[in-house]
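Student: Protein sequence lines correspond, in order, to chains A, B and C. Quick note: the first sequence uses this note's numbering, first residue 1, plus one each step. Quick note: the second sequence uses this note's numbering, first residue 1, plus one each step. Quick note: the third sequence uses this note's numbering, first residue 1, plus one each step.
Misleading hints may appear alongside valid ones.
Copies of the same chain are indistinguishable here, so a pair counts whether it falls within one copy or spans any two.
[To be verified] Cut-off 35 angstroms, straight-line C-alpha distance, at most; resulting in silico cross-link-like pairs (DSBU-like, lysine-lysine):
1) Lys288 with Lys345
2) Lys57 with Lys134
3) Lys57 with Lys398
The set of hints was computed from the structure by calculation and includes no laboratory data.
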Amino acid sequence: MGCVQSFRELCDRQKNTNVRLSLPAVCIVWQTAMIILFGVFIRYNEESSPRWVEYRKAKNISSDIENDFYFRYPSFQDVHVMIFVGFGFLMTFLKRYSFGAVGFNFLIAAFGLQWALLMQGWFHSLDYSDGKIKIGIENLINADFCVAGCLIAYGAVLGKVSPVQLMVLTLFGITLFAVEEYIILDLIHAKDAGGSMVIHTFGGYYGLSISWMLYRPNLDQSSRLQGSVYHSDVFAMIGTLFLWMFWPSFNSAITDHGDGQHRAAINTYLALAATVLTTVAVSSLFQKHGKLDMVHIQNSTLAGGVAVGTAAEFMLMPYGSLIVGFCCGIVSTLGYIYLTPFMEKYMKIQDTCGIHNLHAMPGVIGGIVGAITAAAASESVYGHEGLINTFDFEGEFKDMVPTRQGGHQAAGLCVAICFGVGGGIIVGCILRLPIWGDAADDNCFDDEAYWEVRDDSLQYLKNDIYSTF
Amino acid sequence: MGCVQSFRELCDRQKNTNVRLSLPAVCIVWQTAMIILFGVFIRYNEESSPRWVEYRKAKNISSDIENDFYFRYPSFQDVHVMIFVGFGFLMTFLKRYSFGAVGFNFLIAAFGLQWALLMQGWFHSLDYSDGKIKIGIENLINADFCVAGCLIAYGAVLGKVSPVQLMVLTLFGITLFAVEEYIILDLIHAKDAGGSMVIHTFGGYYGLSISWMLYRPNLDQSSRLQGSVYHSDVFAMIGTLFLWMFWPSFNSAITDHGDGQHRAAINTYLALAATVLTTVAVSSLFQKHGKLDMVHIQNSTLAGGVAVGTAAEFMLMPYGSLIVGFCCGIVSTLGYIYLTPFMEKYMKIQDTCGIHNLHAMPGVIGGIVGAITAAAASESVYGHEGLINTFDFEGEFKDMVPTRQGGHQAAGLCVAICFGVGGGIIVGCILRLPIWGDAADDNCFDDEAYWEVRDDSLQYLKNDIYSTF
Amino acid sequence: MGCVQSFRELCDRQKNTNVRLSLPAVCIVWQTAMIILFGVFIRYNEESSPRWVEYRKAKNISSDIENDFYFRYPSFQDVHVMIFVGFGFLMTFLKRYSFGAVGFNFLIAAFGLQWALLMQGWFHSLDYSDGKIKIGIENLINADFCVAGCLIAYGAVLGKVSPVQLMVLTLFGITLFAVEEYIILDLIHAKDAGGSMVIHTFGGYYGLSISWMLYRPNLDQSSRLQGSVYHSDVFAMIGTLFLWMFWPSFNSAITDHGDGQHRAAINTYLALAATVLTTVAVSSLFQKHGKLDMVHIQNSTLAGGVAVGTAAEFMLMPYGSLIVGFCCGIVSTLGYIYLTPFMEKYMKIQDTCGIHNLHAMPGVIGGIVGAITAAAASESVYGHEGLINTFDFEGEFKDMVPTRQGGHQAAGLCVAICFGVGGGIIVGCILRLPIWGDAADDNCFDDEAYWEVRDDSLQYLKNDIYSTF
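Input sequences plus hints: build the corresponding full structure.
Tutor: Written out as structure tokens, the structure reads:
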């Protein structure tokens, strides 16, 4: 802790938010690197190449409709909306940081998905016959998932970092994600359809650790801007609703064809519905006069979708989904009321969007629910083939049994937390270097730092008023 | 009438909008009830359970792509967007009631869909072998449809009721809907693909009757807030457009696989296009200086989608769809110009969103169009098998003929109106009880009643201006 | 040029924006014409008619899921969102023209798609056996595409024309589009999956030519309104993001089933991602202090989707898509910085939304990329069948070879430019007639001209302030 402290002091410095050289340099160099690496490594897979016709005939596939594109493309588009509109607009709630919320979200997602295609490709889609990564629609979905982890982390540091820092956060975040995901899904053989562990738990703790490393003791200087106005809260609801509505697609996007996708969508739909009611209940109960708080409605209503992620494709049962949603609405809303102020005051973790309540805690709950549901699986419920299909008890894992699978799920959760916390501390150290152009405390949460803001409405109004006197 | 009047007086009272106990209590108790009922009754159906693999083989289904999920999931997601973003944002047009519009819409939809799964399940999806309701993607769509009826009703009372009243409105609304739908679709054997009758006519008259029961003679006290500002009108257009664009999915979501969904989408697409032009024409023609009114563009452009609902899967023909849209644009816009003020002044019906013009009237038109189209059906147009498939002339209805089907359609419309009016009056009585925490007249249309509004922009601007003097 | 000048002077006149007779007349007459023409010409095709069941059996199609509806409906809905929300909200950036942006976009798209179904139907879907146009889901997509050309043109004249002029612009635009498309796709046999040439190049030059004909030398009188405010920029990002996210659907909507749609989606996804990074880089590099400009983020990030349109279904390769996106981000952003002011000052072309940078230039680049990619095609890359399928080397074109196809692609690009420029000049002449009710220079970019604006927020605030003194 002492060493962390002195490192912090070392990095305190005069702030200069001019990113005129660093931001273009990072963008151009990294995009060029992507082009080269894509040229060397990335090709179409057999379902997206013109040889599909021959492949289809060879595999005796009767119709083009059995191309994986038609199983997954509608879900992919929904996930894509969640990444860009959902995450982007959810963060527009601050009164003068909407450009930064939507714009930087856009930037790092667009970069992150390219790097994710490479990183995940090397681990999961490498064709050893020619050393190329073969991509199809499922890779695009996974790249979007991977990006989601970094966007969650952005929520913790929203308004306090420069776009260059965000690019660095994303580069390392994607890298860590791909390694962690490979360990959890392939080595440990945990299942995680909706990414409660690999996406939300990892992304949440990654962002919180970075925010802890970048602690700003005097941030209340800019507290004037650290709140919402009426219309910025309505903009944020656009993000909330698109996340909420499309979460069934998120959790079912890469599950098994047929009943797997079907069941995951149903479970997520139900969990989210229950969350809304308990969020409203707790929000009203803990406020003077019983008034609802938009922060809770915008965020905690989504916690059920996070927590049902791992178990979405299991036989969680409809009432099980409702129970998960019920609990998460309560936990998440109480988190906003009690935990976020506590963490800021006593743990030096400033969490702008409250990702601990929306992603980290529900993610951990989701991992635990997944472990329990997996451990409780049985052939009487799933059927013989159903059990094997759902848990992939095939190949080297053909002797696996549900109870042991439950243990593997729990191990996966631990790995996600470790990668999140550890990776976040390391990346946080890097981001403290005085070269990234982040804003001084009193310029935080202000779009003026990185955007041309031509808003003359205030000025215009004032002139208008003066002229009448 | 006298008794209604005295009942009204009985219920006049001091207003207290503190819902700190009642709202959390209702949410927690009802959500708990949902969990118990789901635990007792609701299970996955054969297409969403892990036994799908065995089922598929037993039924000789060649591919996972024939799981109903892939036929209906894209439409489901569109419908879901209509329910939460469409209805929610359509109602944000009021200058200070956007939180209530989007937020309470969110709350009652999330509750309603759970109750709808149960109510509709008992009527339509009960597996008599084990007494369980077996759900799949079609049930989720139907639950969203069922919720739509209550959201329509919300439009009539927007800004004038408490969230607790809305929960009660929804509980009874869903219940009435499920019964009415069972009578119309199953007993009477009327067809209603897009719900012109069961959703829009019922929902419209249900809301109008409630609004009539909750008549506030002195509402103009809050007229200061009963209007839009520039940006709230733009927010409302988000709702309008998502409803308009996805209406083809709404009307085709639960029609027959293949040509049924295909034709319903085409008919709806065309009807809506025609409505836009006649709405613009009438809006401009009836305003001084020919200026367009955003209220009409936001609402009347959707009337064609409502009116084509019943007949969407019939052989309405492309030009028939255009004619329906043409007429509804005119009728609906004239309704906003003449009928809404008339109803408020002489019939004591205060209809905040004008649902009479957008849902009730076009719904009735849709029922009539459906009856005529059904009665005019013939084998020469539909083909032998096509006629049977389209109208389900099977089982106990295998001797049905088109002309008689037309009569059944008309009967269905009458049932929808009766349930709407009758149910609305009864529920309106209940909502007049002085226990629900609704706002006084001069607090209507104001988010401050039920929401923490932290908007310091006005204050901030004023300080800024004062300091310059 | 002299004749153009004198024609311009001839048309200068007193401005009257009252469209109370002309707008309703145009809407009603044209909609009536549509109904008559649809009645005479338009019928369902075999996949949307009730005879589908018989057709399926006759063609030995094993399942309803092979109805074209299921291949294309998700993409159709995404395209539909791009047309109405994407284009509509992208243009809301002006501080007082959001109603006009969204509302007139809505109007002309709803009219245009009907006329497009007829025009394109006569060229592409006419059943010669009975003289009827048989429509299905692909026709709806193509109608939306056709409308896109006119909406692009609207971007150039945004805020400067009356709704009646827009209806005329659309009527002629759709007509020209259908002819041009028939020449390029059918006669010349160029391929253009995402419409770089037929949609974007044509639409861009059509709009620019019209804007040149309608040049307003004294437009700076209304420059007070020709800018954005903070929230209008956030609204515009809704349009940007829905265009950006759904562009893969746009480019893949009407490509071949199977690998064609799959590959087009991947290529577009990648090109767009690369564009974002170079747009950010150039935007920051060319501004004082390195601040980002929302105009660039809103528009130039989309250029990659335009430029990859023609080649999206070819073997552009993932790195090729990145390269196209990389270049377009740079070219488009530089266009906003240097070319738009240059064109306004020296070429008398006022381009409100900068469609030259977003559609025209990237469209031309897309045409060139398509020609090169086609010319470089080979059986070793595509496979024998793949090459034939991708380029439709069938029927009368069965002896075509890739290099010649490249030439045909280039010829198609020239046709698109000629139709755009030529058509725009002619239609621009028509629009200069003093009968259309367009606004005077100092009423441009102001919704008050054509909309009832009830915004009392300014007044209310002022009263509030005065009362405190």
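Student: Indicate, hint by hint, whether the structure satisfies it.
Tutor: To see whether the hints hold, each was checked on the structure:
Taking CA atoms no more than 35 angstroms apart as the test, Lys288 paired with Lys345 passes inside one copy only; the shortest distance there is 22 angstroms, against 38 angstroms between copies. Taking identical chains as interchangeable, the C-alpha atoms of Lys57 and Lys134 lie at most 35 angstroms apart whether they share a chain (20 angstroms) or sit on different chains (31 angstroms). For a Cα distance limit of 35 angstroms, the shortest separation of Lys57 from Lys398 qualifies both inside one copy, at 31 angstroms, and across copies, at 22 angstroms.
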